[in-house]
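Asks: As a plain string of letters, each chain reads:
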Amino acid sequence: MKSLSSASPREAAANLAILALLILGPWAALSAGHPFYVTLATKAAILALAATGLHLALGLGGLVSFGHAAFFGLGGYAAGILAAHAGSGEALILGWAGSREILTMILAAMGLALLAALPIGAISLRTSGVYFLMITLAFAQMIYYFALSWPAYGGDDGLSFRRGIFPGLNSARPLPYFWICLGALLIGLALFQILRASRFGTALEATRQNPQRVEALGIEPFGLRLTAFALSAMMVGAAGALFANLNRFASPSMLSWQMSGELIVLILLGGRGRLLGPTAGAVLFVAMEHVLGGWTERWQFFLGLAVLGVAVFARGGLLGLIAGGRRDG
Amino acid sequence: MSGISPLSFALLLEQLLNGLQLGVMLFLMAAGLTLIFGVMGVINLAHGSLYMIGAFACAAVAAATGSYWLGLGAALAAAAAAGALIEATILRRLYGRDHLEQVLATFALILIISEGTRWIFGGFPLFLDVPPLLQGAAPLPGGGAYPVYRLAIIGVGAAAALGLHLLISRTRLGMRIRAGESDREMIGALGVEIGRLYTLVFALGAALAGLAGGMIGALQSVQVGMGEPMLILAFVVIVIGGIGSIWGALVGAVLVGVVDTMGRFLLPKAFALAWPPSEASAMGAAVASLLIYLLMAVILALRPQGLFGAASR
Numbered sequence: 001m002k003s004l005s006s007a008s009p010r011e012a013a014a015n016l017a018i019l020a021l022l023i024l025g026p027w028a029a030l031s032a033g034h035p036f037y038v039t040l041a042t043k044a045a046i047l048a049l050a051a052t053g054l055h056l057a058l059g060l061g062g063l064v065s066f067g068h069a070a071f072f073g074l075g076g077y078a079a080g081i082l083a084a085h086a087g088s089g090e091a092l093i094l095g096w097a098g099s100r101e102i103l104t105m106i107l108a109a110m111g112l113a114l115l116a117a118l119p120i121g122a123i124s125l126r127t128s129g130v131y132f133l134m135i136t137l138a139f140a141q142m143i144y145y146f147a148l149s150w151p152a153y154g155g156d157d158g159l160s161f162r163r164g165i166f167p168g169l170n171s172a173r174p175l176p177y178f179w180i181c182l183g184a185l186l187i188g189l190a191l192f193q194i195l196r197a198s199r200f201g202t203a204l205e206a207t208r209q210n211p212q213r214v215e216a217l218g219i220e221p222f223g224l225r226l227t228a229f230a231l232s233a234m235m236v237g238a239a240g241a242l243f244a245n246l247n248r249f250a251s252p253s254m255l256s257w258q259m260s261g262e263l264i265v266l267i268l269l270g271g272r273g274r275l276l277g278p279t280a281g282a283v284l285f286v287a288m289e290h291v292l293g294g295w296t297e298r299w300q301f302f303l304g305l306a307v308l309g310v311a312v313f314a315r316g317g318l319l320g321l322i323a324g325g326r327r328d329g
Numbered sequence: 001m002s003g004i005s006p007l008s009f010a011l012l013l014e015q016l017l018n019g020l021q022l023g024v025m026l027f028l029m030a031a032g033l034t035l036i037f038g039v040m041g042v043i044n045l046a047h048g049s050l051y052m053i054g055a056f057a058c059a060a061v062a063a064a065t066g067s068y069w070l071g072l073g074a075a076l077a078a079a080a081a082a083g084a085l086i087e088a089t090i091l092r093r094l095y096g097r098d099h100l101e102q103v104l105a106t107f108a109l110i111l112i113i114s115e116g117t118r119w120i121f122g123g124f125p126l127f128l129d130v131p132p133l134l135q136g137a138a139p140l141p142g143g144g145a146y147p148v149y150r151l152a153i154i155g156v157g158a159a160a161a162l163g164l165h166l167l168i169s170r171t172r173l174g175m176r177i178r179a180g181e182s183d184r185e186m187i188g189a190l191g192v193e194i195g196r197l198y199t200l201v202f203a204l205g206a207a208l209a210g211l212a213g214g215m216i217g218a219l220q221s222v223q224v225g226m227g228e229p230m231l232i233l234a235f236v237v238i239v240i241g242g243i244g245s246i247w248g249a250l251v252g253a254v255l256v257g258v259v260d261t262m263g264r265f266l267l268p269k270a271f272a273l274a275w276p277p278s279e280a281s282a283m284g285a286a287v288a289s290l291l292i293y294l295l296m297a298v299i300l301a302l303r304p305q306g307l308f309g310a311a312s313r
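So the protein sequences, as listed, match chains A and B.
Heads up, the first sequence is in our numbering, so the first residue is 1 and it goes up one at a time.
Heads up, the second sequence is in our numbering, so the first residue is 1 and it goes up one at a time.
Since the hints were made in silico from the structure, they are not lab data.
Remember, it's a predicted structure, so these values are computed and weren't measured experimentally.
C-beta atoms are modelled at their ideal positions from N, C-alpha and C, and glycine is treated no differently.
Keep in mind that a hint or two might mislead.
Said to hold, decoys possible - Rough simulated footprint, nothing fancy, chain A against chain B, three-plus residues with beta-carbon under 8 Å: (1) 104 to 112; (2) 229 to 237; (3) 287 to 295.
Said to hold, decoys possible - With the Cβ distance kept under 8 Å, some of the chain A side facing chain B (calculated, not the full set): (4) Ile23; (5) Leu103; (6) Val214; (7) Phe301; (8) Ala314.
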């Protein structure tokens with residue numbers, strides 16, 4: 001098994017190119033008078049953050065969750081509910097009437113994701129493999145149907161709200177909001193790298209590669225996995241809050257199984273086990289969606305073909321193609 | 001107006017039969033999924049798409065020829081053919097690989113098949129009539145009546161379960177399927193042409209999904225996206241029953257079908273005893289939609305391998 005922390009020179013170059021594209025692209029687009037591309041890049045950055053969050057569980061821990069849309073959607077609803085209460089002045093809990101601060105929304109989103117991830121993880125982690133995948137999916141569906149049928153926060157219509165505010169930046173404008181989301185992504189990537197290099201990360205990767213040996217060393221995999229699952233859920237929840245703020249709308253579709261599938265697709269499209277794999281996947285996915293969508297109404301058909309091609313032929317994803325070789329990590 | 005009427009025996013029986021009919025549909029889906037996973041070790045997210053293909057084939061052929069029965073035959077044939085094609089061209093390359101790659105490939109297949117179907121049939125739903133032979137209602141004990149067509153679905157499901165049981169326990173093909181489930185490499189080494197067996201098992205599973213899709217067309221509109229809710233319910237079924245177990249799929253399917261239907265029927269009434277009718281029906285509906293997932297969580301907490309699953313996998 002290859003060492004995970006050392007990126008090959010070609011991968012390092014690809015990483016730099018992806019970050020440069022993500023940072024300079026929107027700025028260039030705005031100067032050229034295409035503000036729409038700023039929104040597109042913001043979407044890519046948020047999806048990259050969500051996929052990086054899932055990558056913590058799926059890449060490091062080998063926990064193939066097909067239910068992370070639950071945390072993405074809960075994050076979105078946390079933002080929407082805080083904004084709705086701040087708008088109406090109606091008390092949410094203990095006389096507190098919500099908030100319009102994006103930072104508060106992110107904290108609430110992470111808290112809510114943690115609250116949901118602990119019981120979901122504790123039950124789902126009793127199983128492994130395909131069972132784990134199906135159970136996480138089922139829990140996400142449970143929350144999805146609950147959001148659809150619970151009328152207090154919009155039910156199946158979703159929840160519209162005004163985008164939150166941010167200290168020192170006019171978050172209502174596209175470019176400043178992009179900087180906020182890009183900053184969140186960079187923090188997420190840094191956290192991913194720090195966790196991976198830590199003792200926790202080493203032990204977690206060991207549970208993926210050989211749980212029996214880890215147990216023989218006296219480490220209980222369950223606790224490591226549950227921690228990874230919860231951290232992963234919190235990062236995805238934060239991304240959900242940013243996504244809902246981007247669209248000014250918390251939608252039940254954020255909780256749907258397609259969203260869970262999309263997050264997995266982003267990771268595998270970019271390259272599993274690589275720091276910027278999920279980011280590369282998100283940029284590629286959003287770009288393909290946009291280009292194919294402008295070219296044909298049937299873009300999902302061709303997107304499916306492209307993803308199928310990656311699954312069958314390009315097992316290391318985009319970064320695997322560039323850097324050569326596949327990574328199990 | 002509130003829809004909360006006193007319980008009668010006839011109504012209860014009708015709902016119970018509705019639950020059984022949903023259970024039959026779920027069994028036809030889950031049996032294929034669990035068979036394919038048991039023999040090939042593949043997780044097929046596109047199983048719902050095969051159900052949709054069956055429904056569209058049935059509706060289109062029935063509309064063109066005027067015969068529901070030709071439509072149902074077409075549903076079986078189209079789904080089986082699509083299944084065999086998918087197995088032979090794509091999934092065959094993914095055996096023995098990580099489940100993650102199978103998830104990715106079959107997720108992509110959902111996108112392709114859904115958009116392809118929309119391409120061919122347009123965005124509007126298709127409709128299918130109940131065949132003349134099965135129209136009307138049969139009297140129920142207690143004074144009610146129940147549609148003959150739904151009773152026929154329950155009958156077909158029972159027949160399919162029995163047929164599948166006989167196929168697996170009594171025939172040469174069934175013997176090979178069981179052998180494949182317990183040791184894939186060994187039966188290849190013993191000279192069974194494993195590629196053909198895999199294609200056959202996949203086509204069989206696909207045909208069962210197509211049969212369910214063809215039958216449901218006369219009860220609800222046929223449209224793109226109809227397969228995935230059934231797929232997810234079928235996942236719940238096989239997780240409850242134990243992956244790889246046909247018997248578990250049957251028990252799980254009936255359990256999920258009946259619990260879901262009865263929950264939606266009874267919970268709003270139960271809540272109405274304590275809350276005003278309008279709130280009770282909203283709350284009852286919300287809780288009822290979670291009921292089967294709660295059931296799954298409880299069963300897994302007690303038996304992680306499902307009701308009839310092997311103790312370790």
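Asks: None of the hints should be skipped; say for each whether it holds.
Replies: Hint check results:
With 8 residues bearing a CB less than 8 Å from a CB of chain A, the segment 104 to 112 of chain B meets the requirement of three and the coverage assertion stands. Here's how the segment 229 to 237 of chain B fares: 3 of its residues keep a CB closer than 8 Å to some CB of chain A, so the rule of at least three is met and the hint holds. Note: the segment 287 to 295 of chain B has 4 residues with beta-carbon separation from chain A under 8 Å; the three-residue rule is met and the coverage holds. The beta carbon of isoleucine 23 (chain A) is not positioned within 8 Å of any beta carbon in chain B (closest approach about 29 Å), and the interface hint is therefore violated.
Using the Cβ-Cβ criterion of 8 Å, the hint placing leucine 103 (chain A) at the interface with chain B is not satisfied: the shortest such distance is roughly 31 Å. At a threshold of 8 Å, the smallest CB-CB gap from valine 214 (chain A) to chain B is about 18 Å, leaving the interface hint violated. Interface hint at phenylalanine 301 (chain A): satisfied, since its Cβ lies 4 Å from the closest Cβ of chain B, which is below the 8 Å cut-off. Annotation: interface hint on alanine 314 (chain A) violated; nearest CB of chain B at approximately 11 Å, more than 8 Å.
Of the numbered hints stated above, those contradicted by the structure are hints 4, 5, 6 and 8, listed in ascending order.
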